[in-house]
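Numbers given in this note's numbering equal positions in the sequence shown, counted from 1, plus 1043.
A hint or two may mislead.
[To be verified] Distance windows between CB atoms, simulated:
id, residue 1, residue 2, range
1, Leu-1085, Val-1064, 20 to 26 Å
2, Pro-1058, Ala-1094, 27 to 33 Å
3, Leu-1093, Gly-1062, 37 to 43 Å
4, Val-1091, Leu-1046, 28 to 34 Å
FYI, nobody ran anything at the bench for these hints, they're computed from the structure. Computed from a prediction, not measured in an experiment: that's the story for all the values here. Virtual Cβ for every residue (Gly too), placed ideally from N, Cα, C.
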Amino acid sequence: MPLYRDPSDPRVFVPKKGGGVTLNFGHPVAWVILVGTTIIPLAIVAAVVLATIT
């Protein structure tokens, strides 16, 4: 499924045809949401797991 990327669309959350919403990756706030909710927590979990293993 391709990412929705339309810089001219001012919305961050865009409704999908089948229901629900998707992020507009043409908007910088969408990248902040992605990093803040997935990448940073994943890095924290990985660091804690590595610290406890070693």
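In rising order, the numbers of the hints this structure does not comply with: 2
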